[in-house]
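J.: In case you want the letters, here they are:
Number of protein chains: 2
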Amino acid sequence: MQDSPEIAVLRLGHRPGRDERMTTHVGLTARALGADRVLLAQGAADRRTTIENVTDGFGGPFEVETTDEPNRVLCEWQARIVHLTMYGLPVQEVETEIRSQFEDGMDLLVVVGAEKVQWDVYEAADWNVAVTNQPHSEVASLAVFLDRLFEGDELDREWEDADRVVVPQAEGKRIEEQ
Amino acid sequence: MQDSPEIAVLRLGHRPGRDERMTTHVGLTARALGADRVLLAQGAADRRTTIENVTDGFGGPFEVETTDEPNRVLCEWQARIVHLTMYGLPVQEVETEIRSQFEDGMDLLVVVGAEKVQWDVYEAADWNVAVTNQPHSEVASLAVFLDRLFEGDELDREWEDADRVVVPQAEGKRIEEQ
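Residue numbers (our numbering), protein chains in the order written: chain A, 1 to 178; chain B, 1 to 178.
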């Protein structure tokens with residue numbers, strides 16, 4: 001992954017207790033669908049462990065970090081920022097432009113919030129992107145955005161250093177220990 | 001929607017307290033990404049109200065039901081059943097076959113579980129489908145599955161009887177009251 005541009009996901013607004021599982025799902029979705037790294041708000045340290053345990057078991061590379069200054073991450077990000085919001089432009093209208101800049105080598109920071117996102121995030125973003133203009137789920141938006149960005153290639157990704165590999169089955173479960 | 005086949009989403013294994021927000025996100029994702037109906041376990045009655053309130057505000061049609069016999073829903077479903085699970089066959093390999101049967105008029109029940117899904121669900125399913133064979137999120141799997149099933153057409157859906165409509169913006173928020 002050294003030579004290709006990076007995709008990092010910034011999870012804003014984690015509220016301890018209330019957001020634990022949503023934050024976990026954001027992190028695991030970022031990992032499974034091709035992001036390189038997720039940045040979580042400081043209060044989500046336990047979630048970091050959960051996500052890292054999945055990477056230990058099922059492979060990587062995938063990094064998890066916590067930050068107590070998400071605004072600073074936004075300010076200091078050197079390349080492009082995508083903010084997923086139901087108020088933004090339809091993903092189907094902007095995905096080609098985003099993909100083109102990513103393929104030209106631009107790192108991408110994908111920002112997903114909880115309920116309320118501060119105004120400066122909308123301003124910091126190069127694209128405010130809506131996966132439908134309907135209220136639903138930051139996990140769903142992230143998943144659809146990544147699947148479209150990579151045009152499905154992320155589904156065939158190979159994982160390094162996996163202890164466990166799921167072997168696809170028409171019926172039942174099969175996990176091979178490596 | 002009367003003449004086209006139906007897509008219903010069955011949310012299994014809602015644990016009150018722990019699963020409230022995930023179940024809400026499953027329901028809202030089903031609605032936003034083109035399903036006609038969601039069926040929730042009985043304990044999720046509060047979630048039903050949350051989802052119905054979104055439909056009241058942002059439009060439909062979309063139905064929410066609760067069931068205390070999810071196994072009966074599975075047994076009595078007359079057409080095709082898709083179970084989303086990390087142990088199943090890759091979505092990219094089976095989506096064409098599923099779409100083809102749906103377009104031929106087969107109603108589709110899409111089943112998503114919480115942590116542990118009983119064995120008979122795997123057996124009842126016509127397809128056990130994996131959106132990657134990695135652990136991540138039932139919300140993410142549902143979103144990617146629906147977006148692929150409809151090939152993006154769901155993103156251009158028109159909503160009926162909406163009180164509020166979000167007008168896409170490059171920056172900022174705009175909601176029009178109808």
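Heads up, a few of these hints could be off.
Claimed, not checked - Some chain A residues judged to face chain B by a derived CB distance under 8 Å, without partners named: (1) LEU33; (2) THR96; (3) ASP104; (4) GLN118; (5) ASP120; (6) VAL121; (7) THR132; (8) PRO168.
Claimed, not checked - Computed list of chain B residues with no C-beta within reach of chain A, every gap over 12 Å: (9) ASP19; (10) ALA45; (11) ASP46; (12) ASN71; (13) GLN78; (14) GLN101; (15) PHE102; (16) GLU103; (17) TYR122; (18) GLU123; (19) ALA143.
As the list claims (entries may be wrong) - With a straight-line Cα cutoff of 20 Å, these simulated SDA-like cross-link-like pairs (lysine to any residue) come out: (20) B:LYS116 / A:GLU20; (21) B:LYS116 / A:ILE175; (22) A:LYS116 / A:PRO16; (23) B:LYS116 / A:ARG21; (24) A:LYS173 / B:VAL165; (25) A:LYS116 / A:ASN71; (26) A:LYS116 / B:ARG164; (27) A:LYS116 / B:PRO90; (28) A:LYS116 / B:LYS116; (29) A:LYS116 / A:GLN42.
These are computed hints drawn from the structure, not numbers from a lab.
The beta-carbon is built from N, C-alpha and C at its ideal position, and this holds for glycine as well.
J.: Evaluate each hint against the coordinates.
T.: Quick rundown of the hints versus the structure:
With 8 Å as the threshold, the beta carbon of LEU33 of chain A comes within range of chain B, its nearest partner Cβ sitting at about 7 Å, so the hint holds. The beta carbon of THR96 of chain A comes no nearer than 13 Å to any beta carbon in chain B, farther than 8 Å, and the hint placing it at the interface is violated. Because the closest C-beta pair between ASP104 of chain A and chain B is about 21 Å apart, greater than 8 Å, the hint is violated. The criterion of a C-beta within 8 Å of any C-beta in chain B is not met by GLN118 of chain A, whose closest approach is roughly 12 Å, and the hint is violated.
Because the smallest distance between the Cβ of ASP120 of chain A and any Cβ of chain B comes to about 11 Å, over 8 Å, the interface hint for this residue is violated. Nearest Cβ of chain B to the Cβ of VAL121 of chain A: about 10 Å, over the 8 Å cut. The hint is violated. Contact between THR132 of chain A and chain B, as hinted, is supported at the beta carbon level, the nearest pair being about 5 Å apart and thus within 8 Å. Residue-level restraint check for PRO168 of chain A holds (minimum Cβ-Cβ distance to chain B is 5 Å; threshold 8 Å).
For ASP19 of chain B, the non-interface assignment is contradicted: its Cβ lies about 8 Å from the closest Cβ of chain A, within the 12 Å cut-off. A cut-off of 12 Å between C-beta atoms confirms that ALA45 of chain B is not in contact with chain A; the least separation is 20 Å. In this structure ASP46 of chain B is separated from chain A by more than 12 Å, as the shortest Cβ-Cβ distance comes to about 15 Å. Here ASN71 of chain B stays apart from chain A, with its beta-carbon at least about 17 Å from theirs, past the 12 Å limit.
A cut-off of 12 Å between C-beta atoms confirms that GLN78 of chain B is not in contact with chain A; the least separation is 21 Å. Look at GLN101 of chain B: its CB is around 16 Å from the nearest CB on chain A, clear of 12 Å, so calling it non-interface holds up. Remark: the non-interface label on PHE102 of chain B is consistent with the geometry, its nearest Cβ contact in chain A lying 19 Å away (cut-off 12 Å). GLU103 of chain B, annotated as away from the interface, keeps every beta carbon of chain A farther than 12 Å; the closest lies near 20 Å.
A Cβ of chain A approaches the Cβ of TYR122 of chain B within 12 Å, the least distance being about 5 Å, so the stated non-interface status is violated. Not every CB of chain A lies more than 12 Å from the CB of GLU123 of chain B, the least distance being 7 Å, so the non-interface label is violated. For ALA143 of chain B, the condition that its CB be more than 12 Å from all CB atoms of chain A is violated, with the nearest at approximately 4 Å. At most 20 Å may separate the alpha-carbon atoms for a hinted pair to count; LYS116 of chain B and GLU20 of chain A meet this at roughly 19 Å.
Proposed proximity of LYS116 of chain B and ILE175 of chain A is supported: the alpha carbons are some 15 Å apart, at most 20 Å. Of the supplied pair hints, the one linking LYS116 of chain A and PRO16 of chain A holds, its CA atoms being roughly 15 Å apart against a limit of 20 Å. With a C-alpha separation of about 16 Å, the suggested pairing of LYS116 of chain B with ARG21 of chain A holds against the 20 Å cut-off. Distance hint between LYS173 of chain A and VAL165 of chain B is unfulfilled; the C-alpha atoms sit about 44 Å from each other, more than 20 Å.
Restraint check: the Cα-Cα separation between LYS116 of chain A and ASN71 of chain A comes to about 15 Å, which is no more than 20 Å; the hinted pair holds. For the hint pairing LYS116 of chain A with ARG164 of chain B, the CA-to-CA distance comes to about 18 Å; that is within 20 Å, so the pair holds. Of the supplied pair hints, the one linking LYS116 of chain A and PRO90 of chain B is violated, its CA atoms being roughly 35 Å apart against a limit of 20 Å. A distance of roughly 32 Å separates the Cα atoms of LYS116 of chain A and LYS116 of chain B; the hinted pair therefore is violated under the 20 Å criterion.
Distance hint between LYS116 of chain A and GLN42 of chain A is fulfilled; the C-alpha atoms sit about 17 Å from each other, no more than 20 Å.
The structure shown violates the earlier hints numbered 2, 3, 4, 5, 6, 9, 17, 18, 19, 24, 27 and 28.
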